[in-house]
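A.B. asks: Here is how the chains run, residue by residue.
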Amino acid sequence: MSFEPKILGLLCNWCSYTGADLAGTARMKYPPNMRSVRVMCSGRVDPGFILEAFRSGADGVLICGCHPGDCHYVEGNYKCMRRIPLTQMLLKGMGIDPKRLRLEWVSASEGARFMEIVTEFTEQIRELGPLELQDWEFIPEELETVEISEPHKES
Amino acid sequence: MKPKLAIYWAASCGGCDIAILDIEDKILNVAEFFDLALWPCAADFKYKDVEAMPDKSITLTLFNGAIRNSENYELACLLREKSVVLCAFGSCAAEGCIPGLANFTTKEAICDYAYIQSPSTVNPEGIIPQPVTKVPEGEITIPVMWNTVRSLPQVVDVDYIVPGCPPQSDQIADVVLTVIDILKNGKPLPPKGTVLGATDKSCCDECTRERDVKKIKKFIRPFEIITDPDLCLMEQGIVCCGPATRAGCGAKCVSAGVPCRGCYGKPINIRDQGAKMVSAIASVIDSTDPEEIERIIATIPDPVGTFYRFSLPDSMLRRAQV
Chain A
1 MSFEPKILGL
11 LCNWCSYTGA
21 DLAGTARMKY
31 PPNMRSVRVM
41 CSGRVDPGFI
51 LEAFRSGADG
61 VLICGCHPGD
71 CHYVEGNYKC
81 MRRIPLTQML
91 LKGMGIDPKR
101 LRLEWVSASE
111 GARFMEIVTE
121 FTEQIRELGP
131 LELQDWEFIP
141 EELETVEISE
151 PHKES
Chain B
156 MKPKLAIYWA
166 ASCGGCDIAI
176 LDIEDKILNV
186 AEFFDLALWP
196 CAADFKYKDV
206 EAMPDKSITL
216 TLFNGAIRNS
226 ENYELACLLR
236 EKSVVLCAFG
246 SCAAEGCIPG
256 LANFTTKEAI
266 CDYAYIQSPS
276 TVNPEGIIPQ
286 PVTKVPEGEI
296 TIPVMWNTVR
306 SLPQVVDVDY
316 IVPGCPPQSD
326 QIADVVLTVI
336 DILKNGKPLP
346 PKGTVLGATD
356 KSCCDECTRE
366 RDVKKIKKFI
376 RPFEIITDPD
386 LCLMEQGIVC
396 CGPATRAGCG
406 AKCVSAGVPC
416 RGCYGKPINI
426 RDQGAKMVSA
436 IASVIDSTDP
446 EEIERIIATI
456 PDPVGTFYRF
466 SLPDSMLRRA
476 QV
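Protein chains in written order, with the working numbering: chain A, 1 to 155; chain B, 156 to 477.
Be careful, since some hints might not be right.
[To be verified] Each computed EDC-like pair below joins lysine to aspartate or glutamate, with the alpha-carbon atoms no more than 16 Å apart:
#  : chain 1 : residue 1 : chain 2 : residue 2
1  : B       : Lys370    : A       : Glu75
2  : B       : Lys159    : B       : Asp190
3  : B       : Lys159    : B       : Glu361
4  : B       : Lys369    : B       : Asp355
5  : B       : Lys372    : B       : Glu292
6  : B       : Lys373    : B       : Asp457
7  : B       : Lys369    : B       : Asp336
8  : B       : Lys407    : B       : Glu361
9  : B       : Lys201    : B       : Glu226
10 : B       : Lys262    : A       : Glu144
11 : A       : Lys99     : A       : Glu123
12 : A       : Lys92     : B       : Glu449
13 : A       : Lys92     : B       : Asp383
14 : B       : Lys262    : A       : Glu75
15 : B       : Lys369    : B       : Asp385
Hints are computed from structural coordinates only; laboratory data are not their basis. No experiment lies behind these values; they were computed from the predicted model shown.
Okay, chain B solo, but in the shape it has when bound:
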């Protein structure tokens, strides 16, 4: 019997599933080696079929998506029970990612905006979805939305992490082929907690742009200038999250003149991506005058959202106090 593979999405956009398909012909190796146990994005499986499986009967689960509601949590617990290896796949599962930005506000404020305030909404009765609704036939339920988005390792025990939004397809191919090789040849698994498909250094390590000691007086947004293709973006005044981001993507964004957004998460030994960005920004500001420093940092658009774009639920404080 072939080993079983499950791929599940919780609070995610589906990009991670597409990235898995993006490994091109290597997907055939996957199909040849594994039997699919669950993949809601690509095939029709029922949760109850997974529930009926014996514990630890799924060899590998790639879990993408943050934990945003009771259904995500239920499936995280279920897949943990049924899987030998549970892998937090992609930035959402690993550290919360874009859905995690909801931690800047509350569940009530989100529902209010989405169902009442937003200009494109027509909802004269002001109906907001409720976990339980009574209809003539009985009661119907939907999952309970949480006030705070969590990463997968915060709610269940996770074996490995594959970072990235989405993880780069060459890295996924590498990870999948390595796993197949390990299982086929009975090799030992890497130690628990290993980050797969990335390195321990920072994005700057892979970036080919030149770094100088040039200091800056003002932060600008990428559309305001034509960037010098060879010079560090931070030194050109653009907020680039490279110094606080794990390497592994091949510095693709920065090579294309777009600042790093930080999707590979914090590098090893870094406690908090936002705090590390504060350090990095502080070291390029050219001023020793407190008032001028205030003026310079006021030119950073949405600093907190930028520094924590992918890692708010995994940050030291986990959510904004509101």
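So that you can see chain A by itself, here it is in the shape it has in the complex:
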């Protein structure tokens, strides 16, 4: 079976979620790989959410917020603008391709742009392949053991 990326979309309530809605009502087509979660602001996205998404099996995370200057809360999207490059740096340090995390600005009227971004991002993640975290779980049965020959077990 071919690889279908799992993508988490965190969409700002005021612009991007409405933009996604517009893409839907206008019957624009984009890949169904993204699971969207509506957040009140892109500034609400804690970097911990992003790490938790990757840990829980997401192959990519897309965050969409209002264009700079358009934030409903004045500067929430600027906070996000500063967090994402830092989070990408963190991912890079943890050996995860920073391209798996993307921040885009989508306004309520940009349904077509939203469609293009999701399509392109899905293809990019498809190329990067699945993200499998090594050694995450602790499984005692899989531990490396040493065979000790009989006489030595006694001593």
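For chain A, the structure is supplied; the task is to place chain B on it using the hints.
C.D. replies: Structure of chain B alone, referenced to chain A:
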């Protein structure tokens, strides 16, 4: 019969054991109340003596050190079986600490550097320790080193956590005297999972430096400036892990002009210390221009190692993907 106390070290530096001795005269209360069952740092006990004890015969075990190899794991399981209360003592046991930084690389790379590449090593035959070695007398074994360092709560069930690298001695004294009081007077134990010897707030809460809204354009290292003794270090451009670190130490480092390194671990309700540091750093950067932001964050030396200095094995991702 006196209740039994065990203090064990796994992958640790021994600093936690020293910190226990640092409680000064209160160590006499400990010696008076408890019988030692195991303390490899201070006295000669054999593992087989512990194995021979009935289950749950040790009242309190203070376990320091991360779980790095098969011996650490074996002892963690053994002490869990024999102890009524198992306490992850110190940052290594609680969240992996400095030994946990090994999770940035692999077992092979570590052995290669330690036994072959490092400039101070003379090893012309390229010998790397093996779990089993054949000698004329038979086979000798050493514990198996793991590829991924784990914290104690990841491998066995833990009752309490005492954070810190090492836990501050006044906090240890407090914890030990409280435990003695509880046991002596038959008081109920605190709920399982309680973090002892620390508070629920962040290090900033204990820090006396003033916080302003000043924003910064460049990160600097502590040796590059003479710090203002009254102003928040982060606002002076120094990466300080205080916002993402549990309070309990009394903000000792920051009071001395040294940024918090994060040894008390993540505060309550924080999922990941590194992620929280990202948030904290992002809020002091003074820029709304993506290119300038890139330039500013590039001035942070070793960001991932700094943010996860004490908590990599306990972080959301647990290890780097290599």
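A.B. asks: Indicate, hint by hint, whether the structure satisfies it.
C.D. replies: To see whether the hints hold, each was checked on the structure:
For the hint linking B:Lys370 to A:Glu75, the alpha-carbon distance of about 15 Å falls within 16 Å, and the restraint holds. A C-alpha spacing of about 5 Å is found between B:Lys159 and B:Asp190, which places the hinted pair at or below 16 Å, so the restraint holds. Under the criterion of a C-alpha separation no larger than 16 Å, the hint pairing B:Lys159 with B:Glu361 is inconsistent with the structure, at around 35 Å. Annotation: proposed proximity of B:Lys369 to B:Asp355 is violated, straight-line Cα distance about 27 Å (limit 16 Å).
Taking the CA atoms of B:Lys372 and B:Glu292, the gap is about 66 Å. The hint is violated against a cut of 16 Å. For the proposed pair B:Lys373 and B:Asp457, the alpha carbon gap of about 15 Å is at most 16 Å, so the pair holds. For the hint pairing B:Lys369 with B:Asp336, the CA-to-CA distance comes to about 47 Å; that exceeds 16 Å, so the pair is violated. Our distance criterion of 16 Å between C-alpha atoms is met by B:Lys407 and B:Glu361, whose separation comes to about 9 Å.
With a C-alpha separation of about 14 Å, the suggested pair B:Lys201 and B:Glu226 falls inside the 16 Å cut-off, and the hint holds. For the suggested pair B:Lys262 and A:Glu144, the alpha carbons sit about 13 Å apart, so the restraint of at most 16 Å is met. Between the alpha carbons of A:Lys99 and A:Glu123 the distance comes to roughly 12 Å, so the proposed pair stays at or under 16 Å and holds. At most 16 Å may separate the alpha-carbon atoms for a hinted pair to count; A:Lys92 and B:Glu449 meet this at roughly 14 Å.
Distance restraint check for A:Lys92 and B:Asp383: the Cα-Cα separation of roughly 34 Å exceeds the 16 Å cut-off, and the hinted pair is therefore not satisfied. Restraint check for B:Lys262 and A:Glu75: not satisfied, since their Cα atoms lie roughly 45 Å apart, outside the 16 Å limit. Between the alpha carbons of B:Lys369 and B:Asp385 the distance comes to roughly 14 Å, so the proposed pair stays at or under 16 Å and holds.
Checked against the numbered hints listed earlier, the structure breaks hints 3, 4, 5, 7, 13 and 14; every other hint is satisfied.
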